[in-house]
Amino acid sequence: MEPIISIRNLRKSFGSKEVLRDINLDIYKGEIIGYIGPNGAGKSTTVKIILGLVGDYSGDIKIFGEDIRNSGVEYKRRIGYVPETADIYENLTGREYLTFIGELYGMEHEEANMKAERLMDLFGIKNVYDARISSYSKGMKQKTLLISALINNPDILFLDEPLNGMDANSVMVFKEVMAELVDKGKTIFYSSHIMDVVEKISKRIILINGGEIIADGSFEEIKGQSIDGSLEEIFNQLTGFEEHERIAKDIVATIEGAI
Amino acid sequence: MKDFKILKFLDLFKSLFNKLGIDYQLMRKILQVKLLLDGRRISTVLATQKTNKKKEEDKNNFIRSLGMYLLMGVFIIIFVVIGRHYLFQMTITFSIIMFFLMTSLIADFSSVLLDIKDKEILLSRPVKNRTLNVAKILHISMYISMITLAIAGPSLIVSFFRHGLTFFLIYLVEILLVSLFVIILTALIYLLVLRFSSGEKLKDIINYVQIGLTIAMSLGYQLVMRVFNYIDIRTMEYKASFWKYFLPPIWFSAPFELLLNKNYSNYIIIYSILALVVPIVSIIIYIKLIPTFERNLQKFNSTDGKSKDKNKITILLSKILCRDKDERTFFRFSTNMLRNERSFKLKVYPSLGLAVIFPFFMIISMNFRDFANIVNTKLYLWIYMSFMMIPAVVVSLGYSGNYKGAWIYETIPARDKSSINKGALKAAIVSLFMPVYLLVSIGFLILYRMEIIDQLIVVGINMFLFIIIIFNRMGEFLPFSKAFQVSENPSGGVKVFFTLFLMAGFALLHFIITMIPYGTYIYIPLGLIGSKLFWKRAIS
Numbered sequence: 001m002e003p004i005i006s007i008r009n010l011r012k013s014f015g016s017k018e019v020l021r022d023i024n025l026d027i028y029k030g031e032i033i034g035y036i037g038p039n040g041a042g043k044s045t046t047v048k049i050i051l052g053l054v055g056d057y058s059g060d061i062k063i064f065g066e067d068i069r070n071s072g073v074e075y076k077r078r079i080g081y082v083p084e085t086a087d088i089y090e091n092l093t094g095r096e097y098l099t100f101i102g103e104l105y106g107m108e109h110e111e112a113n114m115k116a117e118r119l120m121d122l123f124g125i126k127n128v129y130d131a132r133i134s135s136y137s138k139g140m141k142q143k144t145l146l147i148s149a150l151i152n153n154p155d156i157l158f159l160d161e162p163l164n165g166m167d168a169n170s171v172m173v174f175k176e177v178m179a180e181l182v183d184k185g186k187t188i189f190y191s192s193h194i195m196d197v198v199e200k201i202s203k204r205i206i207l208i209n210g211g212e213i214i215a216d217g218s219f220e221e222i223k224g225q226s227i228d229g230s231l232e233e234i235f236n237q238l239t240g241f242e243e244h245e246r247i248a249k250d251i252v253a254t255i256e257g258a259i
Numbered sequence: 001m002k003d004f005k006i007l008k009f010l011d012l013f014k015s016l017f018n019k020l021g022i023d024y025q026l027m028r029k030i031l032q033v034k035l036l037l038d039g040r041r042i043s044t045v046l047a048t049q050k051t052n053k054k055k056e057e058d059k060n061n062f063i064r065s066l067g068m069y070l071l072m073g074v075f076i077i078i079f080v081v082i083g084r085h086y087l088f089q090m091t092i093t094f095s096i097i098m099f100f101l102m103t104s105l106i107a108d109f110s111s112v113l114l115d116i117k118d119k120e121i122l123l124s125r126p127v128k129n130r131t132l133n134v135a136k137i138l139h140i141s142m143y144i145s146m147i148t149l150a151i152a153g154p155s156l157i158v159s160f161f162r163h164g165l166t167f168f169l170i171y172l173v174e175i176l177l178v179s180l181f182v183i184i185l186t187a188l189i190y191l192l193v194l195r196f197s198s199g200e201k202l203k204d205i206i207n208y209v210q211i212g213l214t215i216a217m218s219l220g221y222q223l224v225m226r227v228f229n230y231i232d233i234r235t236m237e238y239k240a241s242f243w244k245y246f247l248p249p250i251w252f253s254a255p256f257e258l259l260l261n262k263n264y265s266n267y268i269i270i271y272s273i274l275a276l277v278v279p280i281v282s283i284i285i286y287i288k289l290i291p292t293f294e295r296n297l298q299k300f301n302s303t304d305g306k307s308k309d310k311n312k313i314t315i316l317l318s319k320i321l322c323r324d325k326d327e328r329t330f331f332r333f334s335t336n337m338l339r340n341e342r343s344f345k346l347k348v349y350p351s352l353g354l355a356v357i358f359p360f361f362m363i364i365s366m367n368f369r370d371f372a373n374i375v376n377t378k379l380y381l382w383i384y385m386s387f388m389m390i391p392a393v394v395v396s397l398g399y400s401g402n403y404k405g406a407w408i409y410e411t412i413p414a415r416d417k418s419s420i421n422k423g424a425l426k427a428a429i430v431s432l433f434m435p436v437y438l439l440v441s442i443g444f445l446i447l448y449r450m451e452i453i454d455q456l457i458v459v460g461i462n463m464f465l466f467i468i469i470i471f472n473r474m475g476e477f478l479p480f481s482k483a484f485q486v487s488e489n490p491s492g493g494v495k496v497f498f499t500l501f502l503m504a505g506f507a508l509l510h511f512i513i514t515m516i517p518y519g520t521y522i523y524i525p526l527g528l529i530g531s532k533l534f535w536k537r538a539i540s
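Protein chains in written order, with the working numbering: chain A, 1 to 259; chain B, 1 to 540.
Hints are computed from structural coordinates only; laboratory data are not their basis. It should be emphasised that the depicted structure is a prediction, and the values quoted were computed from it without experimental measurement. A virtual CB, placed ideally from N, CA and C, is assigned to each residue, including glycine. Some hints could be false.
[Claimed, not checked] Computed Cβ-Cβ distance ranges for the label pairs, DEER-style:
1) 18/A to 269/B: 26 to 32 Å
2) 55/A to 3/B: 33 to 39 Å
3) 172/A to 404/B: 26 to 32 Å
4) 175/A to 25/B: 34 to 40 Å
5) 413/B to 13/A: 45 to 51 Å
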């Protein structure tokens, strides 16, 4: 089977700082990938390059079998994207924003409106559909972002901390949604710092550190590479972080004014 | 969603846009959203606290500032109708038009040109870079054309009746060229700056370039008025010095001379060609350079370098100047905000720069010949020109690019909200007004060979009083709690007239004081006590 995303020798520098050094990846249809790594490891840069938001990289990226340098913007019609720190036009209402995004994907206004309203309803926030986004709570905003990424029925989803601010019930619903989507043959690229979730939902985990992939495989395979333990512990070990207890003690001591 | 008339107008050019490889439908959508956003006030956490009266005022600020431009436009009519020496008249006309266009572009629309927020929302969707860029340019152009219409419209209409159809048509075409040229020129300047730097420093550089440009434009405008000295106008002999080829307003005035006065001198022909060719070439260069621009814009987000703690002096000052603990805290906070926030600096620093330069400029422009004798004059009263900046700065204190941070005011246990305002005002006095006052004073001390220290102290006291009055009248808000909006100019409006009167009043007061023997020595202690009492009564 041909990979749906294929990355070869991807390198990217901002000035003299190298943020990605030689990333190689093949991702297939119907995969759900946990893309993890410490802050500043290059996770969002990778996604941004794939989406064409960051240019000037070296290496090759093929999506749906076509080099994104040549495929113009059309491939984005089949991609949904929830960035970590998402900008959103907060002065628009949910209706205005979501139909606008739908129309950017080439949907008809009516269709986008109907779909958005229905999704808002299903996510339990229909009551704010006509309120300005600036008045939304964090969870509501997050749901709106998710809807804006799903409204075009994309084949690939890039989700960066998608559960941010959502309540437990909504989280449960959305996890189920992701599982269903994958069953339907969608591909999900899931990036998060919450290891328990990643461990549970991902069929494949990619750990990136310092701009390089340092582990790639199912949870069991990665476990085999290092010690036993939770993904969190593996993460700590692979990224060379062992001092959490001492640091925690120091923090509490500082809060109490002992130091 | 609301449909805008201007978009219906754009629909006429649909096929043209499509031919240029722009997805017209998408671009229209984007513009529609942008216009919708411009029309909406952001409801902040504190919105409920604001008085209702204030809210309504805010809404049509852009329309109101258009009124100011319209006034300017009526004024310009004089230059257009006064005679048939087109080269002279139209140079002045175009200088004024270009000046206003460029300053408003730099002050109010830079944020649109340099926006990278759009990118993430829109370019992650199937939207072409080019479509977004054209949408951006059109968005700015809409406002600029409204401003242009206000400034040039009146004289354009009058010109038809005074000089006939040909003049009218040339003028119309040239107005279009000029506004296009100004937009592109601004964008190109940014492009140039973006090439040579990166990260945070880049933002600072752009910031200072914007500030510098605004100041330079103001001075340049004064300068053009002087290009033709009196002898020139009387004899109507134009000397085509080499450097005059670099003044765009002259180019644009040449076609009138060429076509209407049948003046076929070489320089007139060259100017006319420049007027036509340069705007068009600049557009082509800009379109070619857009990818570079975009790439460099990405540097905007990158951070580098280490930071130092620069707060020692501020802490010391806060201890000297503020007795109340909350006030002290907010003095420091405000000082840091004033120092660090670029959108704030951009709104405020140009007026500070002008405030320093203007008094000297007025003296020079009076063609005062005998500088040796200046000591015996009262030309120092021109310092009061500096006061013009104060209202704009005071009003700007209420705004911030990070206005949302203002929620902290609600959560802190500050007993008394007035200490917030006091701290902020003191910070503004120390880090904005004092430097201006000192710079101007030093300049005048040098001019007057140290003779007027007492007069400068009077000016200082008056300035302080002026600040208190302005703050009392216009400064009712929590600092840094409102958003700067594209369509809104916090410094504009009717308040200008109040300010001018007050400013003239203080200058007059000072003049009267100098007429009274020992007037200054009587006034200084009185003023000091007065301002102390006044401060207590007015700011609390």
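Results for each hint:
no., hint, verdict
1, 18/A to 269/B: 26 to 32 Å, "violated (56 Å)"
2, 55/A to 3/B: 33 to 39 Å, "holds (35 Å)"
3, 172/A to 404/B: 26 to 32 Å, "holds (31 Å)"
4, 175/A to 25/B: 34 to 40 Å, "holds (36 Å)"
5, 413/B to 13/A: 45 to 51 Å, "holds (47 Å)"
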